[in-house]
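Use the sequences and the hints to build the structure in full.
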Amino acid sequence: MSDTPATKSGFSLRGPGMSKFLEVYGIILVVVVMMLVLAVIKPEVFLSAQNLTNILKQNASLALLALGMYVVIVTAGIDLSVGSIMGLSMVCLAVASKAGVPWPIVLLIGPAIGLLVGWVNGVGLTVLKLPHPFIMTLGTLNVARGLTYLISNGAPISGLQPEVRFIGQAYFGFGMAPPAGIPASMLLVAVCAIGLWFFLEKTNMGRHIFAIGGNPHAARVSGINVDRTLVVVYMISGFMAGLSGLLLAGRTDSGFPNAGIGIELDAIAAVIIGGASFFGGRGTVLGVLAGVLIMGILRNGLNINNVSAFWQQILIGLVIIIAVYIDVLRRRAAVRR
Amino acid sequence: MAAMLLEAKGISKYFGAITALRDVNFHVAPGEVLGVVGDNGAGKSTLMKILSGLFTPSEGELVFNGAPVKFGSPKDAQKLGIEMVYQDFALAGNMPIYENIYLGREPGTKFGPLTIVDHKRSRQMATDHLDRLHIHVKSVEQNTEDLSGGQRQAVAIARATAFDAKLVIMDEPTAALAIKEVGKVLDLVRSLKEHGVAVIIISHRMDDIFYCCDRVMALYQGTNFAEAELTQTSRNEVIGWIMGTKGHTATLAHDNMH
Numbered sequence: 131m132s133d134t135p136a137t138k139s140g141f142s143l144r145g146p147g148m149s150k151f152l153e154v155y156g157i158i159l160v161v162v163v164m165m166l167v168l169a170v171i172k173p174e175v176f177l178s179a180q181n182l183t184n185i186l187k188q189n190a191s192l193a194l195l196a197l198g199m200y201v202v203i204v205t206a207g208i209d210l211s212v213g214s215i216m217g218l219s220m221v222c223l224a225v226a227s228k229a230g231v232p233w234p235i236v237l238l239i240g241p242a243i244g245l246l247v248g249w250v251n252g253v254g255l256t257v258l259k260l261p262h263p264f265i266m267t268l269g270t271l272n273v274a275r276g277l278t279y280l281i282s283n284g285a286p287i288s289g290l291q292p293e294v295r296f297i298g299q300a301y302f303g304f305g306m307a308p309p310a311g312i313p314a315s316m317l318l319v320a321v322c323a324i325g326l327w328f329f330l331e332k333t334n335m336g337r338h339i340f341a342i343g344g345n346p347h348a349a350r351v352s353g354i355n356v357d358r359t360l361v362v363v364y365m366i367s368g369f370m371a372g373l374s375g376l377l378l379a380g381r382t383d384s385g386f387p388n389a390g391i392g393i394e395l396d397a398i399a400a401v402i403i404g405g406a407s408f409f410g411g412r413g414t415v416l417g418v419l420a421g422v423l424i425m426g427i428l429r430n431g432l433n434i435n436n437v438s439a440f441w442q443q444i445l446i447g448l449v450i451i452i453a454v455y456i457d458v459l460r461r462r463a464a465v466r467r
Numbered sequence: 117m118a119a120m121l122l123e124a125k126g127i128s129k130y131f132g133a134i135t136a137l138r139d140v141n142f143h144v145a146p147g148e149v150l151g152v153v154g155d156n157g158a159g160k161s162t163l164m165k166i167l168s169g170l171f172t173p174s175e176g177e178l179v180f181n182g183a184p185v186k187f188g189s190p191k192d193a194q195k196l197g198i199e200m201v202y203q204d205f206a207l208a209g210n211m212p213i214y215e216n217i218y219l220g221r222e223p224g225t226k227f228g229p230l231t232i233v234d235h236k237r238s239r240q241m242a243t244d245h246l247d248r249l250h251i252h253v254k255s256v257e258q259n260t261e262d263l264s265g266g267q268r269q270a271v272a273i274a275r276a277t278a279f280d281a282k283l284v285i286m287d288e289p290t291a292a293l294a295i296k297e298v299g300k301v302l303d304l305v306r307s308l309k310e311h312g313v314a315v316i317i318i319s320h321r322m323d324d325i326f327y328c329c330d331r332v333m334a335l336y337q338g339t340n341f342a343e344a345e346l347t348q349t350s351r352n353e354v355i356g357w358i359m360g361t362k363g364h365t366a367t368l369a370h371d372n373m374h
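Chains as they are written, first to last, in the working numbering: chain A, 131 to 467; chain B, 117 to 374.
Honestly, the hints are just simulated from the structure, not real lab data.
Please note that the accuracy of each hint is not assured.
Derived DSSO-like pairs: lysine-lysine, alpha-carbon spacing no greater than 27 Å straight-line [stated by the list, open to error]: (1) B:K195 with B:K309; (2) B:K165 with B:K195; (3) B:K191 with A:K332; (4) A:K332 with B:K226; (5) B:K226 with B:K191; (6) B:K282 with B:K125; (7) B:K191 with B:K125; (8) B:K165 with A:K259; (9) B:K236 with B:K191; (10) A:K332 with B:K236; (11) B:K195 with A:K332; (12) A:K332 with B:K254; (13) B:K296 with B:K254; (14) A:K259 with B:K191.
Computed from a prediction, not measured in an experiment: that's the story for all the values here.
Next comes the structure, spelled out in structure tokens:
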């Protein structure tokens, strides 16, 4: 790990150890710096327990979507359908909850719908051999959203069972006065992130996902069932989207058919800002979480400084461009070696 | 003659109306290095794809260690120890050397369909294996995209031989290499031979063939054209075979090249 060819080729200004460190943890530094800046500008607001808890709670759904999207982007794919999966999951579980379906089953509806749509995405991509996942998931984006409107008749459905709301609303105070505390949704994100990290780094299928992103031909001739692996990848993304629908439904106590419109783009942005390569094969779970936090803190910081929402969007757009430009520079440096 | 490792008897392969191979016979012995030459479209790669399990022959049979075999996929061939090294190396550049060597066959603990990869053991196995082959890399943790062409080829060969390979098929092993690295890779082929591994080299480069092969066979328009022990032939004769001519003198064949 400590010596790569970079040491020899006069590229040692930043040693490979340092560049590897920055590649993995540089993004965390960005989060810390943003928090420090906001803490200095608005210490009494930004650092309040309520505000910090809010940031975590508001971004939990996005974090789940981004984790799923990350797995897809590692294979150099894209999943545009996650926002629609989220909406469809919310509406379906809200209908079931209102109809008096036992709550343990209602909890499973969101993730199950996610798995199903993800399976359709994966099969469409690999069996129909559509030229790019963009097309298949653009199709399911529309299909799932249309179903969402059909099922809900275009109107929000509110009033869920308390057990269904739990994961989206509960707090664990740990001695802090409400509304501060650790939201249950954040614990769910933590569990998913650790589980995904383990899957990607420590299991053969996780490594195959990276190999597919790096060189699909190499994966194929190594005996990896690329198509089956890709189906699993899109099912993971769908599952996370369904779970994130469950969170949002719990937090808002409703299933509203417009939920998650356009949020797939936020998820993609978070993954890219977090340092994953759009060309596949590169990224870290930690980076994805940092990417979500960077977007969340940026929005929060602009909010508490009374900057208009229009400016927020402009800034996030610029951050995406800068983040990918850094990736381009990094690749160019790698080629020069 | 020693017992054959792999034989092909009367192999034909049709793609629709096109005949890619017609009644081709072929054999390779353990520890033998066989050069296969032929012009583009002569059927070299079709034959190799049949031997490595990617294609099934339309007619004819494969005999491995004296027993007839049928390959449904490259995995079947791999199980018998037949491995292919691709011209483009087929490595995942974003992954370290040791993961590339064991890609698809990771050591670890099985849990149903998943294997929990033992990265530590994998690194150690890779280091030991590379040592055995006298391949020197700074660290098995290096990503293969950071390696030179020759080093990548060495890693690809290491992957092919990681699991008790009996036969390694190499498609144009030196085509993508810098000249100074060609010798190292060919020496590696020789060391495989010393380990008793049979090697088939498909190459256009007479230097490669005459540096490390024991025998050379030429295909021409999908049929066996000529074949000889290396000591019984010359570069120019082999070049003549590639162009479908026999019995020309050295000078004539050479003139034809220009």
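Taking the hints in turn, this is what the structure says about them:
no. : hint               : in the structure
1   : B:K195 with B:K309 : holds (20 Å)
2   : B:K165 with B:K195 : holds (16 Å)
3   : B:K191 with A:K332 : holds (24 Å)
4   : A:K332 with B:K226 : holds (12 Å)
5   : B:K226 with B:K191 : holds (19 Å)
6   : B:K282 with B:K125 : holds (19 Å)
7   : B:K191 with B:K125 : holds (22 Å)
8   : B:K165 with A:K259 : holds (24 Å)
9   : B:K236 with B:K191 : holds (26 Å)
10  : A:K332 with B:K236 : holds (11 Å)
11  : B:K195 with A:K332 : holds (25 Å)
12  : A:K332 with B:K254 : holds (24 Å)
13  : B:K296 with B:K254 : holds (19 Å)
14  : A:K259 with B:K191 : holds (23 Å)
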